[in-house]
Every structure is written in structure tokens, then in C-alpha cells.
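Q: Assemble the complex: chain S is given as a structure, and chain R with the ligands must be docked to it using the hints.
Here the protein sequences line up with chains S and R, keeping their order.
According to this note's numbering, the first sequence holds residues 4 to 213 in order.
According to this note's numbering, the second sequence holds residues 3 to 411 in order.
Derived from the structure by calculation, the hints contain no laboratory data.
Small disclaimer: the values here were computed from a predicted structure and weren't measured.
Just to be clear, a hint being listed does not mean it is correct.
Result set (DMTMM-like, lysine to aspartate or glutamate): computed pairs, CA atoms no more than 20 Å apart in a straight line [stated by the list, open to error]:
#	chain 1	residue 1	chain 2	residue 2
1	R	Lys189	R	Asp207
2	S	Lys112	R	Asp14
3	R	Lys190	R	Asp207
4	R	Lys189	R	Glu31
5	R	Lys104	S	Glu116
6	R	Lys28	R	Glu224
Chain S is nowhere near these chain R residues, computed Cβ spacing over 10 Å in every case [what the hints assert, rightly or not]:
#	residue
7	Gly16
8	Lys22
9	Gln85
10	Gly88
11	His92
Glycine included, each C-beta is placed from N, C-alpha and C at the ideal position.
Here is how the chains run, residue by residue.
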Amino acid sequence: MELFLRYVRENWADLLVFTGQHIMMVLIGLLLALVVGIPLGILASRNRVSARIILTLANIIQVFPSLALLVLLMVVFGLGTTTVVAGLFLYSLLPVIRNTYVGLTQVDKSIMEAGKGVGMSPLQIMLNVQLPLALPFMLTGIRIAAVIAIGVATIAPLVGGDGLGREIYSGINMNNSARLYAGAIPAAILALLADFALERLQNGTRVAGR
Amino acid sequence: MIRFENVRKIYDDGFEALKKINLEIKEGELTVLIGPSGCGKSTLMKHINRLNNPTSGKIFIRGKDISSIDPTQLRRSIGYVIQNVGLFPHMNIARNVAVVPKLLKWDKENTAHKVDELLRMVNLDPDVYRYRYPSELSGGQQQRIGVIRALAADPDVILLDEPFSALDPISREQLQDELIRLQQELKKTIVFVTHDMDEAIKIADTIVLMKSGEIVQTGSPEHILRHPANEFVTSFIGKKHLTTDTLDPGLTVDDVMSVNPVTASPERGMAAAIQFMERHRVDSLIIVGKKRELLGYVSVFNVLKGYRHEDSRLGDIMKPFVHVVESGSSVALALTLMNEHGLPYVPVVRDGHLVGLVTRGSVVRHMAEIYNPDDMSLEELTAEAEKLKEETPLEPAEEEEEEEGGEHA
Ligand SMILES: Nc1ncnc2c1ncn2[C@@H]1O[C@H](COP(=O)(O)OP(=O)(O)O)[C@@H](O)[C@H]1O
Ligand SMILES: [Mg+2]
Numbered sequence: 004m005e006l007f008l009r010y011v012r013e014n015w016a017d018l019l020v021f022t023g024q025h026i027m028m029v030l031i032g033l034l035l036a037l038v039v040g041i042p043l044g045i046l047a048s049r050n051r052v053s054a055r056i057i058l059t060l061a062n063i064i065q066v067f068p069s070l071a072l073l074v075l076l077m078v079v080f081g082l083g084t085t086t087v088v089a090g091l092f093l094y095s096l097l098p099v100i101r102n103t104y105v106g107l108t109q110v111d112k113s114i115m116e117a118g119k120g121v122g123m124s125p126l127q128i129m130l131n132v133q134l135p136l137a138l139p140f141m142l143t144g145i146r147i148a149a150v151i152a153i154g155v156a157t158i159a160p161l162v163g164g165d166g167l168g169r170e171i172y173s174g175i176n177m178n179n180s181a182r183l184y185a186g187a188i189p190a191a192i193l194a195l196l197a198d199f200a201l202e203r204l205q206n207g208t209r210v211a212g213r
Numbered sequence: 003m004i005r006f007e008n009v010r011k012i013y014d015d016g017f018e019a020l021k022k023i024n025l026e027i028k029e030g031e032l033t034v035l036i037g038p039s040g041c042g043k044s045t046l047m048k049h050i051n052r053l054n055n056p057t058s059g060k061i062f063i064r065g066k067d068i069s070s071i072d073p074t075q076l077r078r079s080i081g082y083v084i085q086n087v088g089l090f091p092h093m094n095i096a097r098n099v100a101v102v103p104k105l106l107k108w109d110k111e112n113t114a115h116k117v118d119e120l121l122r123m124v125n126l127d128p129d130v131y132r133y134r135y136p137s138e139l140s141g142g143q144q145q146r147i148g149v150i151r152a153l154a155a156d157p158d159v160i161l162l163d164e165p166f167s168a169l170d171p172i173s174r175e176q177l178q179d180e181l182i183r184l185q186q187e188l189k190k191t192i193v194f195v196t197h198d199m200d201e202a203i204k205i206a207d208t209i210v211l212m213k214s215g216e217i218v219q220t221g222s223p224e225h226i227l228r229h230p231a232n233e234f235v236t237s238f239i240g241k242k243h244l245t246t247d248t249l250d251p252g253l254t255v256d257d258v259m260s261v262n263p264v265t266a267s268p269e270r271g272m273a274a275a276i277q278f279m280e281r282h283r284v285d286s287l288i289i290v291g292k293k294r295e296l297l298g299y300v301s302v303f304n305v306l307k308g309y310r311h312e313d314s315r316l317g318d319i320m321k322p323f324v325h326v327v328e329s330g331s332s333v334a335l336a337l338t339l340m341n342e343h344g345l346p347y348v349p350v351v352r353d354g355h356l357v358g359l360v361t362r363g364s365v366v367r368h369m370a371e372i373y374n375p376d377d378m379s380l381e382e383l384t385a386e387a388e389k390l391k392e393e394t395p396l397e398p399a400e401e402e403e404e405e406e407g408g409e410h411a
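One chain only, chain S, in its complex shape (with noise of 0.2 Å):
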């Protein structure tokens, strides 16, 4: 315990460095999941052949073994950052077509209805009617996509990544239990972190709607 304290306190700048890589590459994958997954989303929403397709390759991708999938990526994209980024967008990715699909297929049938009663186009019922209410489950999906993405960044060094994972590998080889913590424990604060600001949020909006 004191040796990690000590060592906490004569490497925090390297550790935040840490922190902050691993945050980086959780966001852009996260971001990038988001930007793919939620028109994917809305799409399987639309039709049942559509949603049989997407749904199925989005589980496909997430029943790979997390350094499986790493690896494969590797091949493609070689070693560094790009792949750990990539392999945590293809993670994220499910959660959040599934979240998506979920929250828009149980919004009420005749609440869609009113909206195209009162004369709203097809998109304006997507973006004001369906949109807002499946907002809750998004972010559920979202939660789930930034917990699990937080824990897979933390392999990134095996396949030339930087992040938290640097530390734990790195105390692993040199059987240095404190820097072993070091990298660990930020990641598990930061998984608790982003998962209780996301409850926060869905929260919010769930009191909003209701």
C-alpha cells in the first residue's frame, strides 16, 4: 500500500497522461459507435428484414473475443491506437443499435399515430415524437457501451495501444504490484464514474418525459 501511494505520487503526471489516452480512445470510439450505431438503429426500427440483418451482425461482432477481435483488427490497421479505437467502436456497437432499435419499437403505435394525425412528415415524427421518447433506452445502450468500452481499452498495449493498460502490463512483467494498481484503479473509478453520470442523465430524462 505504501509502495503504491509512493509511486503514485512520484509518476502522477505519467499516470494522468494515462488517464487521459484511455478517456481519448473511449470517446472516439464511443462517438463513432454512436454516429454509425443510432442510423443503424433507426433503420432496423423500420422494417423487420432490416432489423434481422443489422441486429444479427452487430451480435456476431460482440460474441468475438475481445483480443480476438483486437488481433483481427491489428491485421488490418497494424499496431497502435487506430486499432484499440476501432476494436472499441465494434464493441460499443451493439449496445447502442440494440438500445436504439429497442427505444424506438416501443414507442406506442398510436402515439405515432397522433403525431402523423396532426400532420407531422415522417421525419418530423422520428426527430419530435419517437426520437425524444426512446432517449431513455439510448442511453442505457450508452452506459452499457462506455462501461464495457472502458474495460476492453485497458488491452490496448497488446496490440501497440497507450491508456491505463500500459501501467497494468507493464506491472504485470515486472511483477510490480503497485503499478499494477496504478493503472487498475483509475480504470475501475473511471467504469463507476461514467456509469453514474450516465444514470444521472437518463434520469434526468426520464423525469422530463414522465
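A: Positioned in the frame of chain S, the structure of chain R with the ligands alone reads:
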């Protein structure tokens, strides 16, 4: 105003929901579409704002074929209210009401003004309700918001699809009254779907009665009640709505008369008569002989006039009946007599002997018993009887006679 010409609707699954509908909905009227569940009321109504499009046939609004109008544009010019869930749960009341003005790009100030005006119109304080969410309102309040949302952009035509059917009876009555009031104020063309005949009779100018995709009968509530087109209409109207016009012709006075009227013998004196009337709370007595032969009647005024003479008897001051009905005559005959001569009651006689009394109250009571033992509460019945009594001050009060078995003095 709105005209359906040979409109047929076959859904994608091959179901023929509308069969050659021809219908004219008049401007400024409240037209009610009614019929059993699944008969195509909603289907028909949704053709007006193009939520449905006809398989064949045409629909015109003000002479214009609506298939040539852009559906979203058309819908913004027509108010639409649906059963309970029509409000957007994620929008506050002001935003819900302002949905159509916003789609029509009204400026903010105008819109806010209109929202407040409409809220006040249905007795909801804008300052209290503007920022509430639908789930924070009662069912009745939500449905009021549904109605004013449909009114917000001042459409000429408003469609309401079973808007009140999920409400409790009291809220429903209130909203029906408000709708009638709004209709009288605003003179909109309203199309209203319901499956509740009471509701239709209460609010409709014109009722359109449907059955399995066809219109069975169209007309005012009065017309449909009096002249149901066929057996189906009669059964759908329900027995309780039948008026005296449609009284079973076989019904006789014996079926409806009260058999224990308050009677007195001609030998009675004035003081005794007054006491007797007071006890039974009646204002006239029927005078019968020892074998219940009908002799005449006295009213309380006659009695008071004769009171001065201590030895006068009821027999001296009584008046003979001009109109009586024979036992076995039709109820219609008795009612006609009462109506034409303004009589509070007519005695029923057999061979000159009194067997009963037909009063308006006794007819009402009889009909109520036959037609709706469950539907009308005792209070309603009593209220009905009271009303009739006020109209006919000379009628013997019959609650008494039931208790005391029609005493004879
Ligand atoms: N979209 C649809 N596809 C197929 N059949 C439908 C559709 N909508 C309604 N129907 C059928 O058409 C009939 C009339 O429906 P509807 O107009 O909703 O009846 P109502 O409003 O009188 O209860 C019903 O038998 C219903 O099942
Ligand atoms: Mg219906």
C-alpha cells in the same frame, strides 16, 4: 361539406372494411358515427384526413377531391382527437397544444396566446397547467387537452375517435356538455365516433349508424329513435330508448295502471275528506260506491268550497268523469286522452266499476320496469316521477298508496 362517393376500403390483408360508402357530412353539424366494434367507424373517419386512403371511390371536402391534397398539409387543417393516449408524454401541456401551430410555423407570441386562450376555454388555468406533463393530469383533463390541441390551429373540421370512452361517467358527461357548448360557440364541422348510443343521442345533430362496413341508417337522433330502419337499428338503439311512439301496440291499460288508487265513498263529509287527502298526500279523491262502481271525483278545491256546509257530503259536490277507458283498451288510447284533454289521470273501468288508474307516473314506472330494471337507478326513477307530478298537480301521490294499500274511506 365532406362527401363520400362510393368509397370502398380493402385492407392489405384482403379484409373489406368499407363497402361502397355514400355519405354527406353537413357543414357546422356534429355528426356521430356509431355502430358495433369493428364495423368500420374509425376506418371511415380516417379517410377524411387521409390516414386511410380509399381502395376505390372519392372523398371531397368543400367540393375538392382530397386525393389531390398533400396528406400532411391536409392533416394540419383538420383537428384530430383519439382515445386517451393522443398526447405526447414527453411534451408539456403548452407544447402539446401548440403542436399544430408549430408545424404551421406560427410565431411564438401568437402561439402562446392561443394556448392560453384555449386552456381557459376548457376551464384550466394556464398558469397552473402550462408546464405540466400529461401524466400529471387526470384523464378528463388530458382529454380536454386533446380536444383543444385539435382546435389550436382553428380547423374547420374536427375528427374525434371515441374521445371520451375511457373516462369515468361523470367526466364523460362533463366533456360531452363542454363539447356541445364549444360546438354551439365555434360552429365547427365535427365528426365523432362512438359506440355508446346515449352519447350519440345526447350530442349528435346527425347520427350515422354503421354495421359491418355499411351505413345502415342516417338521420337525427329523434328520427332514428322514432323510425328505426330495421331490426338491427332497433336492437342497437336498445330498448330503453324506445319512446311512446314505439310502445308495444298490444300493451293495455291493465298492464300499466295502478290498481290501488285512493278512493272515498260519497257519504264522507268535508273534514274527513281533507284529513284523508292529507294523510295520503293526494289532491283529489275518486268517489266509488260500495261495490266500487265509479261515481266521480272531488278535488281539494271542491272540498274547500263545500267546507262551509257542515252537512254536505262528498256525493253532493263530486263531479262525474267525462273520460274513462274500458279495461283492455290500449295504453296509447289512455295517453291520447290524457294529452288531448290535459288530464292528470284516467280511471280504468270494467262494467262501470273502477279497476285502476292510469297516470303518467304509472306509465313511466311500468316502462322503466320492463325496459331497464338495471339501467335506471331508483333516484332517477323517483326524480322522473316527481317531475311528472309537478306537471300534473292533481295526480294522487302514489308512493302512499303503495304503502297503505289504497285505502278506501
Ligand atoms: N390496418 C388494418 N389492416 C387490416 N384490417 C384492419 C386494419 N384496421 C382495421 N382493420 C379491420 O377493419 C375493421 C374495422 O375496423 P375499425 O374501423 O377500426 O372499426 P371500429 O372503429 O368501428 O371499431 C375491423 O374488423 C378491423 O379488424
Ligand atoms: Mg375504432
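Q: In ascending order, which of the hints set out earlier in this document are inconsistent with the structure?
A: 9, 10, 11
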